[in-house]
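The residues making up each chain are set out below.
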Amino acid sequence: MAEKVLMKGNEAIGEAAVLAGCRYYFGYPITPQSELPAYLAKRLPEVDGVFVQAESEVAAINMVYGAGSAGARVMTSSSSPGMSLKQEGVSYIAGAEIPCLLVNVVRGGPGLGNIAPAQSDYWQATRGGGHGDYRTLVLAPNSVQEMADMTIAGFEFADRFRNPVLLLSDGVLGQMMEPVTLPDPVDYEVNSKKWALGYNGKDKGERNLCSSIFLDVDELEEHNWHLYQKYQVMTDLFSTGEYKDFAVEEHLCEDAEIILVGYGIISRILKTVVEKCRKRGIKAGMVRPKVLWPYPTHVFERLAKTASQFLVVEMSCGQMVEDVKLSVNGKKPVYFFGRTGGTIPSDFEILNEVDKLVRPD
Amino acid sequence: MSSKVERVILAGFGGQGILFLGKVLAQTGMHAGKHVSWIPSYGPEMRGGTANCSVILSVNEIASPMVTVPDTVIAMNRPSVAKFNLKIKAGGMLMYNSSLIERQEFRDDIRLVEIPASEIAEELGNPRVANLVMAGAYSKFSKLITFDDLVACLPSLMPGGKKEMLEINLAAFKKGFDFVEEKKYMFGRYVYSVFKGI
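In order, the protein sequence lines correspond to chains X and E.
Every letter in the first sequence is one number past the one before it in the numbering used here, and letter 257, counting from 1, is 411.
Every letter in the second sequence is one number past the one before it in the numbering used here, and letter 62, counting from 1, is 1412.
So here's chain E without its partners, still in its complex pose (with noise of 0.2 Å):
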C-alpha cells in the first residue's frame, strides 16, 4: 500500500453502514492530519438495494476527488464483489464480508483479505456493527490511519451517543484488526506468494 495515498471504494447494501463506514475512514483521516475526500454513490435506490462510497486518505492535497481505480474494495455483500473487483488497481486490495460472500475464484493480482464481518458482530451482540469491524481491520493494513486514530477518532462520530454503543463500536474496531493481526484472513496464491516474499 501506497504510504502516500489511499482511494478506497466501500460498498454493501442499504443499511449495512456503508456510507457511515466511509464518514469513518474521512474523519478519522482527517483528524489524523490527513487530506481526505467522501463521495457517495447516489440513485434513485430502493430500500435494500445497494450503496457504495468513495474515500480517499492523502498526505499531499487531493486534486481530483473521485475514485476510478481503487487501492482498496470493502465490500460487505456479493453483488459489490461483482461490480468493483475488476476495477481494484494491480496489487490492490479486496476486502470482504466472508460471512456474506463465498471464497471464489478470485483475481489473482490482488490481495485477499476475507472478514467474517457480520459473525463477529453477531458475536457481539450487534449484527450493525459488521461495518466497524471493516474499519478496525482496514486501519491494520492503512499506513495513514491507525488503530489509535479510530479509537481516538469515533466519540466524535457519535455525538450525544449513548456509552454501551460507544463501547460495541469499540469492541468491534478490536476485533476487526485482532483479526488481521493474527493472521486468521489469508488464503488464496497470491496472498501466500507475497508473504512468502515469492
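Looking at chain X on its own, in the form it has when it is part of the complex (with noise of 0.2 Å):
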C-alpha cells in the first residue's frame, strides 16, 4: 500500500484528478478552493498537462466543453457564486453529453455571500443549477481521503455516462489535512472515445460532433428522452445495481429509533453524536448520502420501517430535507436543524436537538 501523505482536501483533488488521467484543467481563483488551481498550476506542466486560469469562470467551463468533447479528462473548479456563473456551460454539457469532473468547494450564499463553509448550493447541484432537462451526477466526500478516491471514479462515472459529474464539497474539507492514501494511476487512453472530435479510428469522410442544439422540435423530444433513460439507469445502477453500496453509508441503523441524516462534513459531526446518543441510551443512527442524485431513496424506504423519527442536520436553512421527506414519503415525521451563513452545528446542539425529540417533555 503506498504511504499516507499529510494533504489538504483541494489538493487531495488535483493530485487524484491527475492520476485519474485528468491533464486539462480551467478555472478561475475563488475561496475556499483556489489551493486547487494553485496546486494543479504547478502539477499539470510537469505531466505534459495544460492548465489555464482563464478570463472568467463562463470561459472556463466552456473550455471544459471544448476539451472533452475532444475526448479528453478534463475539469474545472470553483466556490459558489463561480458556479453560479458556470451553470450555463454545464447545461450545454449536458445536453451534448459530454464527460467532465465539476468540483464546487461550497461558501456561504447566496449572493457574494461568505468564504467560510457552508451547503447551501445542494439545490444547485441536485436540481440542475442551469436550464433545461438535464441532471448531474453529484457525489459528496467527507473526509480528505474521500475527496481524493472520489475525483477518480467521478471521471469514471462520467466517462460510463458521457455525463457531467460535480463533487460537492465545502470549506471545511477543502482546507482541512488529513492523511490520505494516494489511489493506484489509472491507465486512461484518450482516443478511446468513438463519439469524440478527438477519435483517430473513425472512417474516411467520417465526423463527429458534440452539440446541444437540436432545432427541430421531434429531435430535441427525442434527445431529452434518451437522457431521462439514461438519467433512469443511472438511478437503477446507484439504488438497486452496482453502485447501491457505493451510494450510502448507513451507521448503526438497524436498531435505530431516530436517524440523524446529513452528508459531507456534517456526518462526521452526526457521527460523534449519535455516539454520545448510544452512551445515554438514546437508540440514534446515522445515513450520510455520498451520492446526492441520484439520491437513495431506497435505504429510507427501508428505514421508515424501523426507526420512529428522522432529524435531517443541514448547513444550510433546509436543502435536502426536501429529498428525505419525498423518500420517506409521508410514513414517519422528518424534522430539519440547520445552521447557516457559514456557521458549523457544533455537536451540542444537535445533541440538544435530539434529545427534544426523543423526550419531548
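No lab work stands behind these hints, which were simulated from the structure alone.
Honestly, I wouldn't trust all of these hints.
Across the chosen pairs, the derived CB separations fall in these ranges [stated by the list, open to error]:
#, chain 1, residue 1, chain 2, residue 2, range
1, X, Lys459, E, Ser1352, 38 to 44 Å
2, X, Val340, E, Val1419, 40 to 46 Å
3, X, Ser210, E, Gly1364, 26 to 32 Å
4, E, Ser1352, X, Pro235, 37 to 43 Å
5, X, Glu503, E, Gly1393, 17 to 23 Å
6, E, Ala1432, X, Trp277, 36 to 42 Å
7, E, Ser1353, X, Tyr382, 54 to 60 Å
8, E, Ser1353, X, Arg513, 32 to 38 Å
9, E, Gly1393, X, His452, 36 to 42 Å
Note that the Cβ used here is the ideal one computed from N, Cα and C, for glycine as well.
Work from the hints to combine the two standalone chains into their complex.
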C-alpha cells in the first residue's frame, strides 16, 4: 500500500485528478478552493498537461466543454458564486453529453455571501442549476481521503455515463488536512471515445459532432427522452444495481429509533452525536448519502419501516430535507436542524435537538 | 490528559507560524501511527491579524474534526488567550507564550503552562522558531506524540530545507522540552494543587 501523506482536501483532489489521467484544467480562483488550481498550476506541466487560468468562470467552463468534446479527461473547480456563473456551460455540457468533472467547494451564499463553509448549494447541485431537462451526478465526500477517491470515481462515472459529474464539497473539507493514501494511477487512453471529435479511428469522411442544439422539435424531444432514459439507468445502478453500496453509508441504523441524516462534513459531526446518544441510552443511527443525485431513496424506504423519526442536519436553511421527505413519503415524521451563513453546528446543539425529539417533555 | 485523544487549538498572529506548528503536531502524529486532522481558520484576514488552527490527535478514527472544546490551547499572543481561554475543557491546559503574554488572573480549573517561547527563540538566534519551542514543550505533556517522534518527523516537514535550519529547529524542540522537564513553567494555585496531589 502507498504511503500516507498529510494533504489539504483541495490538493488531494488535484493529485487524484492527475492520477485519474486528467491533463486539462480550466478555472478561475476563488476562496475556499484556490489551493486546487494552485496545485494543478504546478503539477499539470510536470505531466505535459495544460493549466489555464481563464479570464472568467464562463470562459473556463466552455474550455472544459471543448476539451471534453475532444475526448480528454478534463475538470474545472470553483466555489459557490463562481459555480453559478458556470451553470450555462454545465447545461450545454449535459445536453451534448460531454464527460467532465466539476468541483464546487461550497461557501456561504446567496450572492457574494462569505468565504466560510456551507451546504447551501444543494439545490443548485442536485436540481440542475442550469436550464433544461438534465441531471448531474453529484458525489459528496466527507474526508480528505474521499476527496481523492471520489475524484477518481467521478472521472470513471463521467466517462461511463457521458455525463458531467459534480463533486460537492465545502470550505472545511477543502481547507482541512488529513492523512491520505493516494490511489493508484489510472491508465487513461485519450483516444478511447468513439463519439469524440478527436477520435482517431473514424472512417474517411466520417465526422463526429458534439452539440446541444436540436432545432427540430421532434429531434429535441427524442434527445430529451434519450437523456431521461440514461438518468433512469443511473438511478437504478445507484439504488439497486452495482453502485448501491457506494451510494450511501449507514451507521448503527438496524435498531435505531431516531435516524440522523447528513452529508459531507456534517456526517462526521453526526457520527460523534450518535456516539453520545448511544452513551445516554438513546437509540440513534446515521444515514449519510454519498451520492446526492441519484438520491438513495431506497435506504429511507427501508428505514421508514423500522425507525420512528428522522432528523436532517444541514449547513443551510433546509434543502436536502426535501429529498428525505420525498423518500420517507409521509410514513414517519422528518425534522430539520440547520445552521447557515457559514456557521458549523456543534455536536452539542445537535444533541440538544435530538433530546427535544426523543424526550419531548 | 486523555491517552486516547488530544484536541488542540493553536492561536497567535499571522507570521508566528501557527499553521505550521499545527502541521508539525499533525504530521508527527501521523508518522507515530495516530489518526490526525488539521483545520485552519481561514477568514478575510489582514497582515498582522490573528491565525488559528485546530488539530486532533487520536488513537481511534476521528469522527468530527471540529474542535469546540479543546483539551489544550497553545496561545502565542494576548488576543488568543482572550479568544480561547473560556473554551478550554475543565481540567485542560493553557500553554502560552509568556514572552508576549503577561501573567494574569486565569481560570483556576485549568493547568497553566507558561513558556517564554519568543525569548528562547531569540536566544537561539531566530525569533521565528518560537512556534517549535512550543511544539517541544507540548510533546512533554502529550500522551500521543513524544519528543523523539517530533525529531524523527521534522525532516519530512521541511523538504529541501537547509541543514542549519534543521538544526535550529531541533534545538528549539529541545529547549521547549527541557523547559518543561525542569518544571520552570509552573505557577499558580491549580498547578500547585495538581502537583501536590491535593
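So, going through the hints one by one against the coordinates:
1. Judged by the Cβ atoms, the range 38 to 44 Å given for Lys459/X and Ser1352/E holds: they are separated by roughly 40 Å.
2. Taken as a hint, the range 40 to 46 Å holds for the pair Val340/X and Val1419/E, whose Cβ atoms sit roughly 42 Å apart.
3. The beta-carbon spacing between Ser210/X and Gly1364/E, approximately 31 Å, falls within the hinted interval of 26 to 32 Å.
4. At about 42 Å, the beta-carbon gap between Ser1352/E and Pro235/X stays in the expected band of 37 to 43 Å.
5. Taken as a hint, the range 17 to 23 Å holds for the pair Glu503/X and Gly1393/E, whose Cβ atoms sit roughly 22 Å apart.
6. Roughly 40 Å separates the CB atoms of Ala1432/E and Trp277/X, a value that falls within the hinted 36 to 42 Å.
7. For Ser1353/E and Tyr382/X, the Cβ-Cβ distance of about 57 Å falls inside the hinted range of 54 to 60 Å, so the restraint holds.
8. In this structure the supplied range 32 to 38 Å holds for Ser1353/E paired with Arg513/X, their Cβ-Cβ distance being about 33 Å.
9. A hinted range of 36 to 42 Å for the beta carbons of Gly1393/E and His452/X is consistent with their spacing of about 41 Å.
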